[in-house]
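Student: Sequence:
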Amino acid sequence: MAGPSTPATALLGRLGIAHSVLAYPHDPRHGSYGAEASQALGVAPEQVFKTMVAEVDGALTIGVVPVAGQLDLKALAAAQAERATGYVTGGISPLGHRRRIPVVIDTSALGFPTVYCSAGRRGLEIALAPADLVRAAGAVVAPIAAPRVTSGRGRGAAGTAG
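Residue numbers (my numbering): 11 to 172.
Don't read these hints as lab results, they were simulated from the structure.
Model, not experiment: these values are computed from the prediction.
One thing to keep in mind: the hints can contain errors.
[Unchecked claim] Label-pair restraints from in silico Cβ distances:
hint, residue 1, residue 2, range
1, 124, 70, 37 to 43 Å
2, 71, 98, 14 to 20 Å
3, 137, 65, 32 to 38 Å
4, 56, 110, 37 to 43 Å
Backbone N, C-alpha and C fix where the C-beta goes; we use that ideal spot for every residue, glycine too.
Work out the full structure, taking the sequences as your base and the hints as a guide.
Tutor: So, in structure tokens, the structure goes:
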């Protein structure tokens, strides 16, 4: 566990987690930090992970992915949504989250006597008046829906259900 100390290594030490610190000479001309680490350490790029910082719903989030891959922002957003709400993707309800999360409901909901939304589980929906949904969710109403875009194959734009 000896080696250069950083906040990361200090944390591992405080937690009593066994680890090794491996140093290699960094070449500032190398095109990829992760690929450089993989090559310098003689470890497969699938086993070396890079840390990516991305903005998901206005908040910075860290994704850790193999050097050999790329960060899937949609998958990261889904994982964060599940963590924040306590629901699984496809069953995320606008109601009953683990912590207070701002909810915005598209203005089109107000044009119906009844709207349907996830009850918090895949295959389970709630039917209620849109005003009641707005009140229960503590939501703001705004025009946030974009028109569905279809490709030449007839598939609609992807999104997170629920």
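Student: Can you name, in rising order, the numbers of the hints this structure does not satisfy?
Tutor: none
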